[in-house]
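These protein sequences, in sequence, are chains A and B. Heads up: the first sequence runs through residues 2 to 433, numbered per my numbering. Heads up: the second sequence runs through residues 2 to 433, numbered per my numbering.
Simulated from the structure, these hints should not be mistaken for laboratory data. Wrong hints could be hidden among the right ones.
One copy or two, it doesn't matter: identical chains are merged, so the pair holds either way.
Claimed, not checked - Only pairs whose alpha carbons sit at most 25 Å apart, straight line, appear in this in silico DMTMM-like list of lysine to aspartate or glutamate:
(1) K271 to E242
(2) K222 to D28
(3) K270 to E406
(4) K339 to E25
(5) K271 to D433
(6) K271 to E172
(7) K21 to D66
(8) K21 to E406
(9) K270 to D433
(10) K270 to E242
(11) K270 to E172
(12) K46 to D64
(13) K222 to D47
(14) K70 to E96
(15) K339 to D28
(16) K70 to E176
(17) K222 to D66
(18) K270 to D45
(19) K21 to D346
(20) K21 to E176
There are 2 protein chains.
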Amino acid sequence: MTPVKVAIIGFGTIGSGVAKLLLEHGDRIARRAGRPVELVRIVDKDLVRPRNVSVPRQLLTDDIDSVIKDPSISIAVELIGGLEPARSIVLSLLEHGKDVVTANKALLAEHGPELFEAARRLGRSIAFEASVAGGIPIIAAIGESLTANEILSIHAILNGTSNYILTQMEEQGQEYAAALAEAQRLGYAEANPAMDVSGADAAQKLAILAQLAFGAEVNWKEIPRVGIDTVQADDMRYATELGYHIKLLAVAERVDGELELHVSPTLVKKGTPLGEVRGAYNAIRIVGDAVGRVFFHGLGAGQMPTASAVVADVIDTAVGRAAITFRTLRLWSNDGPKVRLRNPDESRSRFYLRFNVQDRPGVLAEIAGILGRNQISIASVIQHETEEEAEGIVPLVIMTHAAAEGPMRRAMEQIDQLPVVRPGSVWMRVRD
Amino acid sequence: MTPVKVAIIGFGTIGSGVAKLLLEHGDRIARRAGRPVELVRIVDKDLVRPRNVSVPRQLLTDDIDSVIKDPSISIAVELIGGLEPARSIVLSLLEHGKDVVTANKALLAEHGPELFEAARRLGRSIAFEASVAGGIPIIAAIGESLTANEILSIHAILNGTSNYILTQMEEQGQEYAAALAEAQRLGYAEANPAMDVSGADAAQKLAILAQLAFGAEVNWKEIPRVGIDTVQADDMRYATELGYHIKLLAVAERVDGELELHVSPTLVKKGTPLGEVRGAYNAIRIVGDAVGRVFFHGLGAGQMPTASAVVADVIDTAVGRAAITFRTLRLWSNDGPKVRLRNPDESRSRFYLRFNVQDRPGVLAEIAGILGRNQISIASVIQHETEEEAEGIVPLVIMTHAAAEGPMRRAMEQIDQLPVVRPGSVWMRVRD
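Start from the sequences and build out the full structure, keeping to the hints where you can.
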């Protein structure tokens, strides 16, 4: 059969991995696509930097038009990352009749509606398995395998860097800054880790999953999020004592017909599949009304896991499956049922609270009183006798029963105004 | 758009679940299939038995020809189970131009080559996501999402009944017979549990996965298997003491260019995702050369999880994706590369051994001597002082370093002939 011709735009880590698979495992891929899949061009501004794949020189170019204007190329893999020029290039590729495969979560979370609408109008497809959770086939699972279900909830660890840092903090007893530095030294965190540790990366991925699973039209910036840079070694220790791990949890859950969305460090029960996810792994727990609970675990980033997802999409596109999926999913389109976002104040959860208080009689009564007046009931309290009290200040840890976030925040504000409470109060969601 | 017409053959538990989804969630399914999916006939010999779904009377018939000979029906869902008449009916359905969706693992494990060849010849498709691991989309994962990979290994818990019983034995300290009776009382095990507890059901599913992932042409009966009916409460206790859970593990692994296949109760390290699978769940750990390790966990049986997989296949077939997948997978065909099965004697693992020995000097030396002469080296030994020795007989537990199964079996035979060793020696694989 005639080969299908593919171009890679963006020759960084993932691009090199994709080139490696296409060039070194052509037989395997041809067998699975039913025809040869030929890598004919790689576009990047930097043609000199060494990569861990050897590529025939004539494939390399810095001229994007050599792909856009070549009608023989039918699939373009966008691996530039970021918003521009990625957005303009993808639009141009679609307009010139190419199907697009992308790993660019930021692009989809920001410009998904525009790009998907353009692809639909032009009769092209966009495949994006690699944009969320790398090697875990979560896009296919939700978009194809679980289509008989109404999805009820998604609880996910979507940022491997954060999970690596949290695991280090827990296992080594390190503070956040030390664990981050270690992660940077080992290449698990970037020099500028802001997107990862702030929860922004996880929020972008959650926005894509929420669109796919719930038809939610949400800009990722509107998803309430707290990063792991707020987590302290003290909280790790208390979480352990209480029987929990702290995870950066991304949640999308149907409640009373509305959709609750948030990303935040959360105490997750030990011994549960999500709780036990360690190191740079991702994991996703989905509940569907027919299938029940399904759990996926794997590498969410890295060269070859991500390239594995990209090349699966290339094969899907080559065989025609991606076109069907794209047509039936109708992502970011106006015809599916819409779901309303839930007011974060109404989000209910158990909460972990930590206060730094003066070690004197009546403090617990004052705090418990404020919680009670805000309808928050206490499940357990930890206040240890400490030998090394810093100026008579001791930590007070409270686990609440389920309460709404609005009243909990109001209670925290009131508690923080008590003269006996020092700054630095902490709250986190709890997931049993 | 014109509706696609579907018939269900076999109106048991799964059939009722599929009818429920198609009849009660028609809107959802039509949206995802891009057209209405209309259930037009349900065939069963027993039209009287009550089911937990209300079905228009005119859909029900005991006449299979009313499906086979109705050219307006394009998708037939085979849920009869077993070999005959399921095999003849599927062949007849294919010959009459219907695409087939099936949950019948026994049928595929036994007659896969014949049925797939017939479907290919007739230009039809067979979709079978529900045949392995129920609600876990493992067929799609291997056949579509991981196609860029060479699969290196599959380690799986594929029988929920066995896992439920093993979990009960561990958590309640029950013997096998008591845990089985409890599982039967609660509906987790059938009156005749032979297929589940003997490992046969898991071997059938493993045969399907091995064909899909490795192109292995293996009859499930040739897969070496040991059932959970050999596991004793004593072994559970020792496993716990050593830091392991006992799981009925199905393994397909590439070793030196050959494929190792077996199903057996195995000591699986605590804290690992596979080790922590409890109750009636299934789980699959796959390693691909690009993606690394991916782990799936969910309900492997039950009405609605299985129906979820069946209806996903119906939608896949209706939109045309199943036809493409079926064509490109070329299962049980003669064109993929073939893999040779590894001689079980060469299979290497650490082993757990338990002997009942006379409590007298020199016994350990004799046993250790035999192991040593068979090149099996000992990693650790447990021999407790017991107060309630039965006639001077005590258990001796040995964990070995990695050894081949052939020499291990030979050593066991020699040890069993020692006068100081009583009958009932036990060996199990260990997975760290």
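Hints, verified against the model:
no.: 1; hint: K271 to E242; result: both (11 Å within a copy, 20 Å between copies)
no.: 2; hint: K222 to D28; result: neither (43 Å within a copy, 32 Å between copies)
no.: 3; hint: K270 to E406; result: within (20 Å within a copy, 39 Å between copies)
no.: 4; hint: K339 to E25; result: between (44 Å within a copy, 20 Å between copies)
no.: 5; hint: K271 to D433; result: both (9 Å within a copy, 20 Å between copies)
no.: 6; hint: K271 to E172; result: both (14 Å within a copy, 17 Å between copies)
no.: 7; hint: K21 to D66; result: within (23 Å within a copy, 53 Å between copies)
no.: 8; hint: K21 to E406; result: neither (48 Å within a copy, 37 Å between copies)
no.: 9; hint: K270 to D433; result: both (5 Å within a copy, 24 Å between copies)
no.: 10; hint: K270 to E242; result: both (11 Å within a copy, 23 Å between copies)
no.: 11; hint: K270 to E172; result: both (16 Å within a copy, 19 Å between copies)
no.: 12; hint: K46 to D64; result: within (8 Å within a copy, 67 Å between copies)
no.: 13; hint: K222 to D47; result: neither (32 Å within a copy, 56 Å between copies)
no.: 14; hint: K70 to E96; result: within (10 Å within a copy, 46 Å between copies)
no.: 15; hint: K339 to D28; result: between (44 Å within a copy, 14 Å between copies)
no.: 16; hint: K70 to E176; result: neither (52 Å within a copy, 71 Å between copies)
no.: 17; hint: K222 to D66; result: neither (33 Å within a copy, 58 Å between copies)
no.: 18; hint: K270 to D45; result: neither (45 Å within a copy, 46 Å between copies)
no.: 19; hint: K21 to D346; result: neither (48 Å within a copy, 37 Å between copies)
no.: 20; hint: K21 to E176; result: neither (38 Å within a copy, 53 Å between copies)
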